Amino acid sequence: MEITIKFTINGKMVKVEVPPHWTLLRLLRERLGLTGTKEGCGIGECGACTVLLDGMPVNACLVLAPKVDGRSVFTVEGLGSRDALHPLQKSYIEHGAVQCGFCTPGMLISSKALLDKNPHPTQDEIKEAISGNLCRCTGYQQIIEAIEAIDKDVRG
Amino acid sequence: MKWSSNLQPQTESIMIPSFDYKTPKTLQEACDLLQEAHGKAKIIAGGTDLVIGLRNGDSNPSLLIDITSLKELRRIEETDETLSVGAAVTHSEIASSPLVRQYGIVLSKAASEIGSPQIRNLGTIGGNIVNGSPAADTLPPLIVLDAIGKVISRDRERNVPVAQLVKGPYETSLKPSEILVGVSFKKLSQDIRSGFIRLARREAMAIARMSIALLLQVQEGKIQNIRIAPGAILPTPQGLSDVEEFLKGKSPDEEVLRIASRKVSEAMIRRSGIRPSAPYKAPVVEALFLRAMRRALEGQDETGRS
Ligand SMILES: Cc1cc2nc3c(=O)[nH]c(=O)nc-3n(C[C@H](O)[C@H](O)[C@H](O)COP(=O)(O)OP(=O)(O)OC[C@H]3O[C@@H](n4cnc5c(N)ncnc54)[C@H](O)[C@@H]3O)c2cc1C
Ligand code: FES
Ligand code: FES
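From first to last, the protein sequence lines are chains A and B.
For the first sequence, my numbering assigns the number 1 to the initial residue and increments by one for each residue that follows.
For the second sequence, my numbering assigns the number 1 to the initial residue and increments by one for each residue that follows.
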């Protein structure tokens, strides 16, 4: 049995048929072809599946698809494209914050959520904002620096 | 859902079994749906415990009833004497609420330390209570605040102290037809200090995620009133009345606090039974208690209050 849900994905309205027991993560990856959002643990621990739901970061692996009906979802695909990278994406690359890249989409989304509501975060605020995103490669320092650099850019 | 802080790799091959999903717009409609499902429905709030539980096959409902659109469950409201928090209010919303900070800072503090930003944006206080984990972080604050839960079903409404809502690990006194609408507690007056300390997630990997919540009123150097509740230490959420009685009327000096901290760990061992982990936990519990007392005595958690 499938239900029809309507929601905004990266600014565009979509209408999809989906079984109610599918997670938002599965809906994004398997129905909408948006495979930027990753599945790591599937149980809310790693943050690889982080997306914005009405502007707030959530774990897409814990959200059932019917929950997003009438709401707005933002994924890493909405951030930038290969030819027009978002400043955060550029900064991640420049600071060596991307190694294997598996955590990157989720990290970028958590970073965006932080900067959207707090354009001048402190180191502690940055650490708190990415505390739900695990990275096995970088040791986090480069990621923190990449986010801090944006802050400086904005401040000039 | 029973959770641990261990990372357990899982794959999409572990599928969630299918069910019907309804998002009622009124509390009445939610109660009717629940009643008519005769125990085959489950309520879903943030889903942070439930979705994992469904994946693990802990339960197999034929219907999920999403209560996050019910406005009665989404409010934080004050009266002259009390503050009430709707069951579907998220941990993020509690942590950022000026009302909760002013009148129940011990609860804001606990909410702000739960999981991760992503989990706090989904997880609700009602889900935290009803899931009934011994490590649920909002329970110790709600115990020291003597919070009362408001519970409703199609035919009945009742008020139950939160301490009586949770009967044992992952077990509550709610009937399958009942919905937790919210919790309320007496607003804390300005002269009551609070302390909440929990082991950070990283520290907590090896042992349980212990915490201590307390409220403290000191007058002329003597403890007038005190409430202490540990988290993740006892099988059900409860206050430590024997330690509270010991401390009342005493001045909180080093020696008194040291004896009290012993009493805290003794109470833990007495009430939870001697488990192999008890000797490791005792000094940790004592240290947590002392840190929470120090915070309260120095007013460190009060900075957000006006
Ligand atoms: C990665 C991760 C980290 C976590 N970290 C913490 C932590 O640090 N501290 C902590 O305390 N918890 C933690 N949790 C557990 C969880 O996030 C919380 O318990 C959360 O508050 C549950 O709320 P929910 O709205 O998501 O509940 P749901 O999953 O929607 O529901 C949980 C249970 O309560 C029932 N229920 C929900 N609302 C009601 C209601 N109003 N009336 C009747 N029944 C209801 C549901 O039927 C279900 O059985 C963590 C979970 C994850 C996945
Ligand atoms: S896949 Fe969702 S948090 Fe790990
Ligand atoms: S870059 Fe590999 S997990 Fe973060």
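Keep in mind that a hint or two might mislead.
As the list claims (entries may be wrong) - 25 Å max Cα-Cα, derived DSS-like pairs, lysine-lysine:
1. B:K25 x B:K40
2. B:K175 x B:K42
3. A:K15 x B:K25
4. B:K175 x B:K187
5. B:K167 x A:K6
6. B:K22 x B:K40
7. B:K187 x A:K6
8. B:K42 x A:K6
9. A:K15 x B:K167
10. B:K186 x A:K6
11. A:K152 x A:K117
12. B:K222 x B:K71
13. A:K127 x A:K90
14. B:K71 x B:K186
15. B:K222 x B:K281
16. B:K263 x B:K250
17. B:K222 x B:K40
18. B:K150 x B:K40
Simulated from the structure, these hints should not be mistaken for laboratory data.
All values reported here derive from a predicted model rather than from experimental measurement.
Hint check results:
Between B:K25 and B:K40, the direct Cα distance comes to roughly 20 Å. Compliance with the 25 Å bound is thereby established for this hinted pair. A C-alpha spacing of about 11 Å is found between B:K175 and B:K42, which places the hinted pair at or below 25 Å, so the restraint holds. Restraint check for A:K15 and B:K25: satisfied, since their Cα atoms lie roughly 21 Å apart, inside the 25 Å limit. The straight-line distance between the Cα atoms of B:K175 and B:K187 is roughly 29 Å, outside the 25 Å bound, and the hint therefore fails.
Our distance criterion of 25 Å between C-alpha atoms is broken by B:K167 and A:K6, whose separation comes to about 40 Å. A threshold of 25 Å between alpha carbons decides the hint, and for B:K22 with B:K40 the separation of about 13 Å falls inside it, so the pair holds. For the proposed pair B:K187 and A:K6, the alpha carbon gap of about 42 Å is over 25 Å, so the pair is violated. The straight-line distance between the Cα atoms of B:K42 and A:K6 is roughly 24 Å, inside the 25 Å bound, and the hint therefore holds.
Between A:K15 and B:K167, the direct Cα distance comes to roughly 44 Å. Violation of the 25 Å bound is thereby established for this hinted pair. Distance check on the hinted pair: B:K186 and A:K6 sit about 42 Å apart at the alpha-carbon level, beyond 25 Å; violated. For a cut-off of 25 Å, the pair hint linking A:K152 to A:K117 stands: about 16 Å separates their Cα positions. A hinted pair counts as satisfied when its Cα atoms are at most 25 Å apart, and B:K222 with B:K71 does not qualify at roughly 44 Å.
Note on A:K127 and A:K90: the hinted pairing holds, with a Cα-Cα distance of about 20 Å set against a maximum of 25 Å. With a C-alpha separation of about 22 Å, the suggested pair B:K71 and B:K186 falls inside the 25 Å cut-off, and the hint holds. Between the alpha carbons of B:K222 and B:K281 the distance comes to roughly 29 Å, so the proposed pair goes past 25 Å and is violated. A hinted pair counts as satisfied when its Cα atoms are at most 25 Å apart, and B:K263 with B:K250 qualifies at roughly 15 Å.
Of the supplied pair hints, the one linking B:K222 and B:K40 is violated, its CA atoms being roughly 54 Å apart against a limit of 25 Å. Using a Cα cut-off of 25 Å, the hinted pair B:K150 and B:K40 holds, with the two alpha carbons roughly 23 Å apart.
Checked against the numbered hints above, the structure violates hints 4, 5, 7, 9, 10, 12, 15, 17; every other hint is satisfied.
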